[in-house]
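Student: Model the full structure from these sequences, guided by the hints.
Line by line, the protein sequences give chains A and S. Position one of the first sequence corresponds to residue 476 (my numbering), numbered consecutively onward. Position one of the second sequence corresponds to residue 2 (my numbering), numbered consecutively onward.
Worth flagging that the hints you see were computed from the coordinates, not collected in a lab.
With a cut-off of at most 27 Å between alpha-carbon atoms, the simulated DSSO-like pairs for lysine-lysine come out as follows: (1) A:K545 x A:K762; (2) S:K143 x A:K636; (3) A:K624 x S:K143.
A short list of chain A residues far from chain S (calculated; beta carbon distances all over 10 Å): (4) W512; (5) N544; (6) A632; (7) Y731; (8) Q733; (9) G751; (10) R753; (11) K770; (12) P780; (13) L785; (14) E787; (15) A801; (16) K804.
Glycine included, C-beta positions come from ideal geometry on N, C-alpha and C.
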Amino acid sequence: MKRIVSVSLCLLIGVFTVFAGGGSEGTSAVAAQSGPWQPAKDIEYVIPASPGGGSDLWARACANAITANKLSPVTWVPMNRAGGASAVGYNYMLSQKGNDYVLLAGHSGAMVSSYVAGWQHKFEEMVEMLCILAFDDVTLCTLATGPYKDIRSLLKAAQDKPGTLRFGSDQRLNSSQYAYEMLKKYAKADLNYVQYDSSGDAATALLGGHVDVAILNPAECIGQVNAGSFIPVATFATERLGGKFADAPTFAEIGYPQIVLREFRGISGTVGMSDGARQYYAELGKKLLETNEFKQYLSTNNLTPTYMGLGEAQKYATAEMEKIAALFKEVTQK
Amino acid sequence: MFENMGLLFWGFLSVFTFDNIIACLFGSVAGIFIGAMPGIGALTGVAVLLPLTFSMNPTTAIIMLAALYYATMYGGSISAVLLNIPGDTPAICTALDGYKLTQKGVPGKALTTCFMSSFLGGTIGIVILTLSGSALARVGLKFGSPELALLIFLAMTSIGWLLGDDVVSGLLATALGLMFATVGTDQAAGYLRFYFGLPNLMAGISFVPLVIGMFGFSQVIELITQRGSDERAKIKIKLRDMFLTWTEIKRLLPVQLRNGLMGTFVGVMPGAGGTSASFISYIFERRINKIGDKFGTGVIEGCAAPESANNAAAAGAFAPLLTFGIPGSSTTALLLGGLMMWGLQPGPLLFTEKPDFVWPLIASFYLGNIICLIVCFASIPLVMRAVSVSNAILAPVIFAICVVAAYTTNNSMFDVFFMMGVGGFSYFLRLSKVPAAPLLLAFVLSPMLEKYVRQSFDMTRGDPSIFIRNGICWTFIVLIFIFCISPLIVKRIKAAKKTS
Chain A
476 MKRIVSVSLC
486 LLIGVFTVFA
496 GGGSEGTSAV
506 AAQSGPWQPA
516 KDIEYVIPAS
526 PGGGSDLWAR
536 ACANAITANK
546 LSPVTWVPMN
556 RAGGASAVGY
566 NYMLSQKGND
576 YVLLAGHSGA
586 MVSSYVAGWQ
596 HKFEEMVEML
606 CILAFDDVTL
616 CTLATGPYKD
626 IRSLLKAAQD
636 KPGTLRFGSD
646 QRLNSSQYAY
656 EMLKKYAKAD
666 LNYVQYDSSG
676 DAATALLGGH
686 VDVAILNPAE
696 CIGQVNAGSF
706 IPVATFATER
716 LGGKFADAPT
726 FAEIGYPQIV
736 LREFRGISGT
746 VGMSDGARQY
756 YAELGKKLLE
766 TNEFKQYLST
776 NNLTPTYMGL
786 GEAQKYATAE
796 MEKIAALFKE
806 VTQK
Chain S
2 MFENMGLLFW
12 GFLSVFTFDN
22 IIACLFGSVA
32 GIFIGAMPGI
42 GALTGVAVLL
52 PLTFSMNPTT
62 AIIMLAALYY
72 ATMYGGSISA
82 VLLNIPGDTP
92 AICTALDGYK
102 LTQKGVPGKA
112 LTTCFMSSFL
122 GGTIGIVILT
132 LSGSALARVG
142 LKFGSPELAL
152 LIFLAMTSIG
162 WLLGDDVVSG
172 LLATALGLMF
182 ATVGTDQAAG
192 YLRFYFGLPN
202 LMAGISFVPL
212 VIGMFGFSQV
222 IELITQRGSD
232 ERAKIKIKLR
242 DMFLTWTEIK
252 RLLPVQLRNG
262 LMGTFVGVMP
272 GAGGTSASFI
282 SYIFERRINK
292 IGDKFGTGVI
302 EGCAAPESAN
312 NAAAAGAFAP
322 LLTFGIPGSS
332 TTALLLGGLM
342 MWGLQPGPLL
352 FTEKPDFVWP
362 LIASFYLGNI
372 ICLIVCFASI
382 PLVMRAVSVS
392 NAILAPVIFA
402 ICVVAAYTTN
412 NSMFDVFFMM
422 GVGGFSYFLR
432 LSKVPAAPLL
442 LAFVLSPMLE
452 KYVRQSFDMT
462 RGDPSIFIRN
472 GICWTFIVLI
482 FIFCISPLIV
492 KRIKAAKKTS
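Tutor: Laid out in structure tokens, this is it:
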């Protein structure tokens, strides 16, 4: 008797589990509203990465600032949907087409991957970038005790002895490889690309002297820069960064104006989201930038605030990706 | 060193505030729970609690989160021993022998061994961290990709010792592990391999659903297909059995000391955490222990080795974090983000500029470790009741736990179906007596080997001379040779003795 109960209970769980995946909420009919669109239920804020990464911190900082300042009448619930170098999160957005209550923490790195890493869809087929709120600038760092104290000596060494200097970086087919390919194409610097799991691992390798130069966001190297163990030798931004990074020249200053890369972050929505919701979220992004909590987050992580709203953000993102994809195409065709 | 002792003493004085002790207690108890729950581990636990700590004093906040981190290493063994579901990935090796001990009717003994080993391993790690943390972190930095590749290779030469009685099925399991590990984006050029067009497989097979399927779900199938009497209910559990005898303690002590040292060292290595530490120590212990060939059949040494190593690694991982501001594992990487949120600048200056942060933290490790030990021991009589529950109730409960655990890993139904598929598959492996250990070991270690080898070749554009670039490399190469040749020599000597 017990056996039968047990087996049937197991079967029941099995059946429930199978159907749990099949059912989807769909877009619930929103009650007729007067005035501008307002969210009527909690918002799922998808993080296409594991807890602890840059996108995770970003999404949680957004959600905290929104709650603390009551910018939204409903709660933003950060939800990690990691996997496939962000592909799982973006595909989830595709499956939620037209849903006004699902947003995604947008970062340019994943968009680059959607163009060049063999994804089935480009990012703009899966999400719409509703607003861009910050630039996450990229710098090159060398070891203070190493032979290369500035960008010119580093580039000269790479030009003179091609294929000997080691360039520590995160995954290929991402913005970091774009930076590497630009150095190769425009500055004729032939470095050895050494791929680590994350920029943090690349920084560790630089500290141990296993690579000669590493490509890092300011937040990833500020501790070492303050301690004097890393020298930021150049920035890929269009203007010099502030603080401890003020001595690092842009590539335009040393004669390579083509070498520019600015990673950006913002809020993305589903494709086919209603116009009212799109406008609401893009406006909310502007208000978010003005909160003290968010300002604090941006400054501790050395992000540069900016604002691009509805339409403009998507246009900028697509144009950037086209440019990056073109260079990758050139490289792979060789 | 004496200066460190002075600072530690001062750290103890400041750790004994009401807030800090409560934080340590809360972190420890929460960590034991989170560790015991399959599917969520230290990483998720710290990520969820991190936002709650932003308003706290940074010292109190990190005391809580650090306690949570090492307490999960304790908790993971509870479900591994009692239910054969590792609560967290570092507890996988513990399940191999721990659950066998439960089947033999001595779950209490297994749990006592685990907790005692966790405590000793953790203490060894903490003492080393106190005395020579920064020196150790400096040594860790010397390990670049070629050195790490050779270390993993050395560990993999011992895989033969896990194959079990039937070499062919052992090799089959190893090959399956290697095949599973190749799924997903390759580690060097970013190309997609064997992902069948599924975005969920683009980053490879996730480890937690795989483990839960192999251990938990395959067991559900076994429980409901078992014919005849309910064997588990017949096991008479006596509380007296939880105590180890003096001879057992003497047997365990050298194992715990060895693996505590080894675990600390692995924890300091860049990118390696509790999981790699427990795997590496399990195979090395199996190799050098006198009763190593009995590992996997239910011996207490098999629980002691991984448990002391993973706790030691959790302490060791703090050495590079505090000395250089670089993470030794993914959980400490998350703590690094926390440091910034609390307004501290992780980096080489932390020790000198913020001694009032670092030393109370280290002092709290001693305190937290004792709290964990007490809480765990107190829980043994309670959790042991799970063993006398009849199969009829246990099977659906474990099934439900498996489904929830697989889902929470990535919040995805794909993982649930994958977990069930793997469970069914490994049930058949179990029927055909193919061992699970080599599969998991190959799955964990071979991607690391691939990554480090390809990074090394990246550095030199394919010149293999990088693998003999320094003394560390040569040491490993010599060890690899000794490990491969020694069984032959031992065999020869034995044969010679017989003939003479």
